[in-house]
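**Student:** The primary structure of each chain is shown beneath.
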Amino acid sequence: MKKLVSLLLVLMLSMAAFTALADEPVKIALTAPLTGNLSQYGESFQNSVTLACKQWNDKGGVLGRSVELVIEDTAGDPAQAATVAQKIVSDGSIFAEVGDFNTACCMAAQPIYAGSEMLQVSPTCSAVNFAVGSEWSFECLGTQDVQGEFMANWAYENGARKVAVLYLNSDWGISVDNGFAKAFKALGGEIVIEEPYNDGETDFSAALTKLRETEPDALYIACYYNDGAAINIQREVLNWDIPVYHPGTVYSTDFLSIGGTAVEGVLTNVGFYPDDPTPEAASFIAEYNTLYGKDPDYYGACAYDAFNVLMEAIERAGELDTHKVREALAATDAHQGVSGSITFDENGDARKSYIKLTIENNQYKVVR
Amino acid sequence: MKKKINPRALILLLALLALLTAFPFCVSNYIIQIAVYCGIYIMLAVSLNLLVGYTGIFSMGHVAFFCIGAYTSALLATKLGIAFPLCFIAGGIGAAFIGALVGFATLRLNDIFLAFTTMGLGEVIRIIIQNASFTNGALGVAGIPMPMLAGHKMTRIEFYFMVLILVLILVYLVSRLVHSNTGRTLKMIRDDANAASSLGVNVFRYKMTIMILSCFVAGLAGSLYATFLQYINASNFSISISINIIAMVAIGGMGTISGPIIGAILLQVLPEAIRFLSNYRQLMFGIALVISIMFAPRGLVGLNWKRIPFIASVCEKLKTNNGKEI
Numbered sequence: 001m002k003k004l005v006s007l008l009l010v011l012m013l014s015m016a017a018f019t020a021l022a023d024e025p026v027k028i029a030l031t032a033p034l035t036g037n038l039s040q041y042g043e044s045f046q047n048s049v050t051l052a053c054k055q056w057n058d059k060g061g062v063l064g065r066s067v068e069l070v071i072e073d074t075a076g077d078p079a080q081a082a083t084v085a086q087k088i089v090s091d092g093s094i095f096a097e098v099g100d101f102n103t104a105c106c107m108a109a110q111p112i113y114a115g116s117e118m119l120q121v122s123p124t125c126s127a128v129n130f131a132v133g134s135e136w137s138f139e140c141l142g143t144q145d146v147q148g149e150f151m152a153n154w155a156y157e158n159g160a161r162k163v164a165v166l167y168l169n170s171d172w173g174i175s176v177d178n179g180f181a182k183a184f185k186a187l188g189g190e191i192v193i194e195e196p197y198n199d200g201e202t203d204f205s206a207a208l209t210k211l212r213e214t215e216p217d218a219l220y221i222a223c224y225y226n227d228g229a230a231i232n233i234q235r236e237v238l239n240w241d242i243p244v245y246h247p248g249t250v251y252s253t254d255f256l257s258i259g260g261t262a263v264e265g266v267l268t269n270v271g272f273y274p275d276d277p278t279p280e281a282a283s284f285i286a287e288y289n290t291l292y293g294k295d296p297d298y299y300g301a302c303a304y305d306a307f308n309v310l311m312e313a314i315e316r317a318g319e320l321d322t323h324k325v326r327e328a329l330a331a332t333d334a335h336q337g338v339s340g341s342i343t344f345d346e347n348g349d350a351r352k353s354y355i356k357l358t359i360e361n362n363q364y365k366v367v368r
Numbered sequence: 001m002k003k004k005i006n007p008r009a010l011i012l013l014l015a016l017l018a019l020l021t022a023f024p025f026c027v028s029n030y031i032i033q034i035a036v037y038c039g040i041y042i043m044l045a046v047s048l049n050l051l052v053g054y055t056g057i058f059s060m061g062h063v064a065f066f067c068i069g070a071y072t073s074a075l076l077a078t079k080l081g082i083a084f085p086l087c088f089i090a091g092g093i094g095a096a097f098i099g100a101l102v103g104f105a106t107l108r109l110n111d112i113f114l115a116f117t118t119m120g121l122g123e124v125i126r127i128i129i130q131n132a133s134f135t136n137g138a139l140g141v142a143g144i145p146m147p148m149l150a151g152h153k154m155t156r157i158e159f160y161f162m163v164l165i166l167v168l169i170l171v172y173l174v175s176r177l178v179h180s181n182t183g184r185t186l187k188m189i190r191d192d193a194n195a196a197s198s199l200g201v202n203v204f205r206y207k208m209t210i211m212i213l214s215c216f217v218a219g220l221a222g223s224l225y226a227t228f229l230q231y232i233n234a235s236n237f238s239i240s241i242s243i244n245i246i247a248m249v250a251i252g253g254m255g256t257i258s259g260p261i262i263g264a265i266l267l268q269v270l271p272e273a274i275r276f277l278s279n280y281r282q283l284m285f286g287i288a289l290v291i292s293i294m295f296a297p298r299g300l301v302g303l304n305w306k307r308i309p310f311i312a313s314v315c316e317k318l319k320t321n322n323g324k325e326i
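So the protein lines, in turn, are chains W and X. Under the working numbering, think of the first position of the first sequence as 1, with each following residue one higher. Under the working numbering, think of the first position of the second sequence as 1, with each following residue one higher.
Keep in mind that the hints were calculated from the coordinates and are not lab data. Since the structure is predicted, the reported quantities are computational estimates derived from the model, not experimental observations. Check before you lean on any hint, since a few could be wrong.
As the list claims (entries may be wrong) - Now the stretches of chain W that chain X is said to cover, found in silico as 3 or more residues with beta-carbon under 8 Å: (1) 81-88; (2) 105-115; (3) 126-135; (4) 340-354.
Stated by the list, open to error - Here are the simulated distance ranges between beta carbons: (5) W:Ser205 <-> X:Leu283: 36 to 42 Å; (6) W:Ala186 <-> X:Phe204: 55 to 61 Å; (7) X:Leu283 <-> W:Asn158: 46 to 52 Å; (8) W:Val70 <-> X:Thr155: 55 to 61 Å.
As the list claims (entries may be wrong) - Here are some of the chain X residues that sit facing chain W, going by a computed Cβ distance under 7 Å: (9) Ser28; (10) Tyr30; (11) Leu86.
We put the beta carbon where it would ideally sit given N, CA and C, even for glycine.
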């Protein structure tokens with residue numbers, strides 16, 4: 001009798017242990033610059049991914065287990081990104097990582113995740129040398145080659161044959177310049193000048209005069225919205241009327257308010273357009289707005305998608321095996337995300353879809 | 001006359017060494033990572049202390065030499081495939097060479113002018129690296145290989161021991177230097193350069209020597225940093241690093257051996273220790289710095305620790321023992 005009781009007890013205990021194991025949440029780390037110069041992007045990452053995580057838990061979690069976020073701040077500093085990566089892989093209970101925002105942080109953390117065979121899904125690291133550097137790294141923004149091709153086709157269709165490029169001298173700006181120039185030359189167009197400017201510069205009149213001397217048909221300017229507005233204002237002061245193309249980074253209401261009449265007619269693109277959303281994006285924007293009281297930005301949308309493609313890959317893999325999930329993630333095909341459709345190429349770079357935009361009466365307008 | 005070594009101090013030292021040796025086997029790679037950063041920053045702070053604390057050369061551009069060392073080592077390793085020990089030495093020599101050029105041009109300047117010139121230099125070097133094609137420009141240098149040790153890639157623990165040994169050697173050499181005749185001459189230059197030169201000291205030559213030495217060490221630290229991180233980018237080397245190193249020296253205690261070491265460890269560990277505060281982390285860090293400057297203007301080492309009863313009793317014990325021995 002005693003034996004039977006103890007046997008039963010052992011059985012019950014082990015059952016309890018087993019259910020405890022099954023109930024343990026799936027932990028996903030999010031790394032982002034929550035402090036420092038890039039903190040507005042970090043906050044956007046945090047909000048969007050927290051929302052995505054909540055939605056998955058409301059649906060019953062992934063593989064029947066709840067999902068838990070572990071949020072770490074890297075302050076946009078590569079040395080801290082490496083430390084945080086080490087902390088995450090040393091933890092032992094974390095399954096995969098989503099992040100980081102800037103290229104330097106992603107690149108510094110990459111060898112550590114690769115060494116521990118942990119998935120690193122960056123929402124926004126579009127540098128050409130990132131995803132190709134490790135089989136464990138993926139990115140959801142799309143490389144500048146794809147965006148460059150999209151913009152080059154558009155400029156060529158509009159009749160431009162000689163384009164002058166002005167770009168921000170950073171890893172991002174160089175990638176944008178290269179992507180566009182390569183595609184435009186392949187179409188048979190000519191890049192008459194590629195002029196870099198440094199972060200923090202405020203006077204662009206010399207650079208614009210230099211571009212003007214090459215007599216281009218159109219300008220392609222790789223910059224963020226604040227520089228973009230300043231460049232267009234100075235172009236207007238110089239009385240230079242010419243078609244201007246920008247990558248999607250100028251898409252911001254601040255670009256309109258700072259730029260005023262100078263940005264009228266500027267051509268750009270966006271993967272995610274809150275005023276004309278797809279059904280997926282509409283519900284994301286609505287929920288984001290109720291939770292945080294404002295509209296999400298493009299980078300937040302990318303972070304939301306990055307988390308979702310990872311979760312879907314876990315569902316498809318059917319178990320928490322990092323090799324199987326990696327294969328499932330690589331096989332992601334036309335995921336209808338809020339920032340556009342996502343398909344990974346053989347390197348782990350997303351091939352995204354883009355929407356053409358222009359500015360009319362100080363409002364963004366879709367070009368069809 | 002040979003100095004007798006205090007046995008209790010010796011035991012304390014041995015215990016510390018044993019702790020430093022055993023510690024990496026008990027902790028995760030995350031802690032080892034922080035420990036290696038501490039080691040690298042100790043090298044930077046100790047080398048800056050030679051300039052600021054012992055010779056009175058107020059350099060605000062120490063990051064420039066750190067950066068040159070890192071890039072020299074990283075480019076040699078990735079583009080030419082040179083083994084780590086050579087890259088390491090080359091990083092130091094590269095930084096020392098630029099340090100000599102800069103020293104030749106600036107060491108005749110005084111205080112605030114020197115500070116501004118070196119600060120400008122730090123930014124100029126960063127911008128050159130960001131724009132030059134041979135440094136890979138703004139894309140940075142990726143895929144820097146870990147050093148090889150007995151046929152395999154060095155593990156993080158092995159890297160930790162390499163840094164530990166280098167730091168111990170450096171601290172020993174620096175303490176020998178500052179307690180030598182040269183060291184006393186340096187302090188004289190710091191306190192009054194005119195008086196020193198009136199006594200026949202070649203102030204410029206001494207300053208140059210220390211500048212070259214200090215830059216050499218900063219370059220070595222840069223090489224370790226690049227190799228350990230395996231990726232560097234010009235944005236890693238902003239002026240905030242220079243300020244951070246100065247803060248380490250100032251908070252620890254200028255012109256002391258242990259000050260920069262304590263300062264470097266504190267300023268590396270504190271931001272990680274308060275990581276759980278997330279968004280308030282930078283604020284807390286700032287407050288901690290302000291408090292330490294308000295209450296310990298001569299650095300932590302300069303505080304009157306004996307006011308704390310426990311420390312006073314330990315000091316007392318060490319002293320009485322010392323008395324018996326002699």
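**Student:** Are the hints correct? Go through all of them and say.
**Tutor:** Here's how the hints hold up against the structure:
1. 81-88: holds (count 4)
2. 105-115: Contact hint for the stretch 105-115 of chain W vs chain X: holds, 4 residues under 8 Å.
3. 126-135: holds (count 3)
4. 340-354: violated (count 0)
5. W:Ser205 <-> X:Leu283: 36 to 42 Å: holds, 40 Å
6. W:Ala186 <-> X:Phe204: 55 to 61 Å: holds, 60 Å
7. X:Leu283 <-> W:Asn158: 46 to 52 Å: holds, 50 Å
8. W:Val70 <-> X:Thr155: 55 to 61 Å: violated, 25 Å
9. Ser28: Where the cut-off is 7 Å and the nearest Cβ of chain W is about 4 Å from X:Ser28, the hint holds.
10. Tyr30: holds, 4 Å
11. Leu86: Status violated, d = 22 Å.
Going down the numbered hints, you'll see the structure goes against 4, 8, 11, while the others check out.
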